[in-house]
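Here's the letter readout for the chains.
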Amino acid sequence: MKRMVLTLLALVLLAAPSYAGTKDIIYASESTAKSLDPHDTSDTYSGSIQRAIMQGLMGFDKDLHIIPLLAESYTFNPEATQFTFKLRKGIKFHDGTPFNAEAVRINIERMMTGKYKRSSLMKPVKELVVLDAYTVQFNLKEPFGAFVNAIAHPGSLIQSPKAIETYGDEVSKHPVGTGPFIFDEWVSGDHVTIKKNPDYWRGEVKVDSITFRPIPESGSRLAMLRAGQAQYIYPMPAELLKIAERDKKIDILKQPSIIARYLVLNTQFKPLANVKVRQAINYALDKQAIMKIAWGGAATQLDSILPPNLQFYKKQSAWPYDLAKAKALMKEAGYENGFEVVFITPNASNRLRATEMTQQQLKKIGITGKIQSMDIASFYNKLEGHKVDDTTPLPFIAFGGWSASTGDADWGTRPLLSTDAFPPSMSNFGFFSDEKVDGFIKAGLASADPKVREKAYADLQDYIWDQAPWGYLMVDSLVAAKSKKLTGIYPLPDGAFSVEAAELAD
Amino acid sequence: MKQKKTPFSIFWHKFKQRKTAMVAGIFIVVLVLTALFAPMVAPYDPFETDYSLSMMGPTLDHPAGTDVYGRDILSRIIYGSRISLAVGFTSVFVGALVGVTLGLISGFFGGFLDGLIMRTSDVLFAFPGILLAIAIVAILGPGLINVVVAVSVFSMPTFARIVRGSTLALKESLYVKAATSVGASKKRVMFVHILPGTLGGVIIYFTMRIGTSIITAASLSFLGLGAQPPTPEWGAMLAESRDYIGVADHMTIFPGIAIFLTVLFFNLFGDGLRTALDPKTK
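Line order of the protein sequences matches chains A and B.
Position 9 of the first sequence, counting from 1, maps to 9 under the working numbering, and the rest follow consecutively.
Position 155 of the second sequence, counting from 1, maps to 155 under the working numbering, and the rest follow consecutively.
FYI, nobody ran anything at the bench for these hints, they're computed from the structure.
Possibly wrong hints are sitting among the right ones.
[Said to hold, decoys possible] Quick list of the computed label-pair ranges, beta carbon to beta carbon:
#1 A135/B / E30/A: 20 to 30 Å
#2 V29/B / G385/A: 48 to 58 Å
#3 A135/B / D43/A: 52 to 62 Å
#4 D122/B / G297/A: 29 to 39 Å
#5 S188/A / L199/B: 54 to 64 Å
#6 V342/A / L140/B: 52 to 62 Å
#7 K364/A / H13/B: 57 to 67 Å
#8 K62/A / I257/B: 20 to 30 Å
#9 A273/A / E48/B: 48 to 58 Å
#10 G401/A / E48/B: 47 to 57 Å
#11 V342/A / A86/B: 48 to 58 Å
#12 G57/B / G401/A: 28 to 38 Å
Ideal placement from N, C-alpha and C gives every residue a C-beta, glycine not left out.
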């Protein structure tokens with residue numbers, strides 16, 4: 001008997017520390033990490049893991065507002081050609097190298113070589129000057145009011161200069177930064193593990209490790225979470241929300257994104273060149289139904305050409321669903337009997353559903369046509385292949401989407417609606433062209449003064465809303481699901497996520 | 001008085017004994033009638049949406065429930081039977097027409113033509129049917145017509161091989177030799193004397209093949225290569241509803257049952273035909 005008690009006691013003592021000691025999180029996602037070198041990464045998922053390991057001079061908070069991280073503050077001249085950053089003192093990289101102006105210079109000059117996927121972020125930079133050990137100054141080639149957004153972009157994270165020197169471009173497998181987590185291991189195609197940084201400069205990190213696992217099949221992802229094999233899953237498929245909502249151990253997280261969804265109307269095609277027809281389309285679309293049915297409710301109505309989380313967003317009055325008005329406008333425009341178009345869409349099931357609903361709804365005002373669905377690469381190839389001088393422009397309506405990952409109004413408008421942005425150079429797939437719009441967009445870039453820029457983008461949004469270059473639909477809500485025990489991990493508006501404040505209850 | 005024994009009465013006598021085949025036959029007749037009279041049978045317009053009824057389970061008004069856009073699933077399945085039967089029948093018919101002709105030529109003339117046709121068939125045989133169909137649709141582009149072409153192409157070689165086999169045997173039979181000796185033309189020997197003798201095997205395979213074709217067509221539509229929305233094709237209906245498995249199961253179950261029963265009964269029917277047409281069974 002005594003022996004048994006002792007054995008039990010020993011077991012309890014052995015078990016106890018390991019029970020209370022390790023707090024490991026498994027994050028299941030649909031994507032796989034592709035690189036851990038921020039300067040050479042173009043996918044959001046890899047970028048999010050990097051953000052747990054490394055930090056930039058500036059960064060984004062939960063609502064995509066720019067906040068200082070490794071920089072304390074910054075100043076700029078009125079012409080928006082010179083930006084000066086004061087750096088934070090006393091921060092060390094994970095390998096012990098001190099963070100200072102020299103480290104920033106090495107990183108920025110690496111990006112400026114033009115060799116990397118994110119080199120474009122530093123394209124406006126003429127030179128970087130180190131003013132003292134903790135001050136750097138960027139001199140730009142021409143005014144670029146959105147430059148601070150480029151500095152806050154996840155592509156501009158600062159890596160340890162010693163790691164860059166030691167590993168060269170192999171640094172993509174040996175990331176070293178100043179962030180809350182230290183890189184542990186990466187098994188290609190399988191998982192990435194990061195562990196707690198005990199000396200993190202912003203305070204104590206509350207979990208011991210996070211493992212990022214790719215689980216492409218959405219049903220399995222939810223099953224893992226329900227079985228406790230994962231503590232966080234993203235994306236949570238909106239179609240299965242009902243199952244997840246019934247589970248008492250699961251929390252659903254919904255976060256508005258900066259991903260806008262809209263119908264690209266080919267304004268080269270005569271009926272769609274008529275603003276009244278485009279307005280009729282906006283009246284004929286039942287946005288609420290599309291959000292509810294095609295998107296499983298994970299969306300909010302688009303109420304400006306910019307989603308609410310982008311800088312300088314200005315709310316407009318939403319287009320109501322009004323068939324009578326739509327029909328009247330079609331009649332005024334001389335298209336009472338309607339016309340035929342082709343509906344082009346990527347074949348992801350939610351987009352196909354939204355396009356089917358568009359087809360059903362526009363039929364009511366006489367706009368009919370077949371659906372062409374294709375994989376996303378072919379979809380963009382097709383749109384980029386259209387030419388501006390087509391003598392018989394294709395009558396198409398395409399299901400479009402855009403995420404302005406710099407968080408700035410410029411990137412949410414210029415590539416989509418300016419005359420310079422006709423494909424293939426950028427993404428104005430509907431060939432919308434308007435002198436006033438081009439003027440506002442230019443004015444928005446000519447200064448770094450927020451007040452001047454705000455005015456330009458407010459004018460732009462007020463003016464273009466009624467011009468209806470698109471069939472306005474919605475803004476995605478990002479949906480993630482997590483164990484109730486887990487707090488502090490949340491999706492960011494651009495589809496990335498933050499794990500810095502993660503905490504796991506016993 | 002003893003009834004006169006025609007080939008048909010012998011066949012009918014044997015076929016009647018196979019109860020499953022009879023049931024299958026009745027099901028197929030009903031299915032064909034439903035397809036023909038779909039507008040009268042279907043309770044609703046298969047294209048009419050009502051978003052407020054999205055994904056309702058089976059009720060008295062909608063015995064198979066509604067789909068994600070609030071369309072009546074039963075009506076869509078009824079209209080879908082038109083597409084499935086039409087695609088299944090047409091593609092096998094075209095495949096049989098070309099395959100039988102080629103098989104006949106191959107078996108009758110032999111030599112170089114035989115080699116060419118049979119080796120080409122072998123190449124087609126080397127591909128699993130669905131892969132070949134996907135490849136063909138990938139080249140021609142998505143759409144129901146192209147699905148018919150694809151399924152026809154991969155039905156052809158089997159027909160050619162069946163017919164070639166019986167042609168080779170029949171060519172050596174006494175009555176064909178007799179016909180040739182009294183001066184019947186090659187054309188007459190081929191089509192009047194040999195072709196009817198090969199048809200037994202062709203009919204059996206034809207029936208069985210319809211089932212396979214329906215499945216292939218549904219699979220292609222499921223993959224988005226066949227019928228395009230809003231066509232109420234069974235495979236396309238499955239594809240549209242698979243995201244909701246576990247949330248609205250009726251949306252996958254009913255089109256699934258339709259495909260399952262149709263294919264099963266075509267195969268049972270073909271099986272019954274085989275027994276009944278086999279001269280060795282009583």
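Structure-based check of all given hints:
| no. | hint | result |
| --- | --- | --- |
| 1 | A135/B / E30/A: 20 to 30 Å | holds, 28 Å |
| 2 | V29/B / G385/A: 48 to 58 Å | holds, 51 Å |
| 3 | A135/B / D43/A: 52 to 62 Å | violated, 31 Å |
| 4 | D122/B / G297/A: 29 to 39 Å | violated, 54 Å |
| 5 | S188/A / L199/B: 54 to 64 Å | holds, 59 Å |
| 6 | V342/A / L140/B: 52 to 62 Å | violated, 18 Å |
| 7 | K364/A / H13/B: 57 to 67 Å | holds, 59 Å |
| 8 | K62/A / I257/B: 20 to 30 Å | violated, 48 Å |
| 9 | A273/A / E48/B: 48 to 58 Å | violated, 32 Å |
| 10 | G401/A / E48/B: 47 to 57 Å | violated, 29 Å |
| 11 | V342/A / A86/B: 48 to 58 Å | violated, 25 Å |
| 12 | G57/B / G401/A: 28 to 38 Å | holds, 32 Å |
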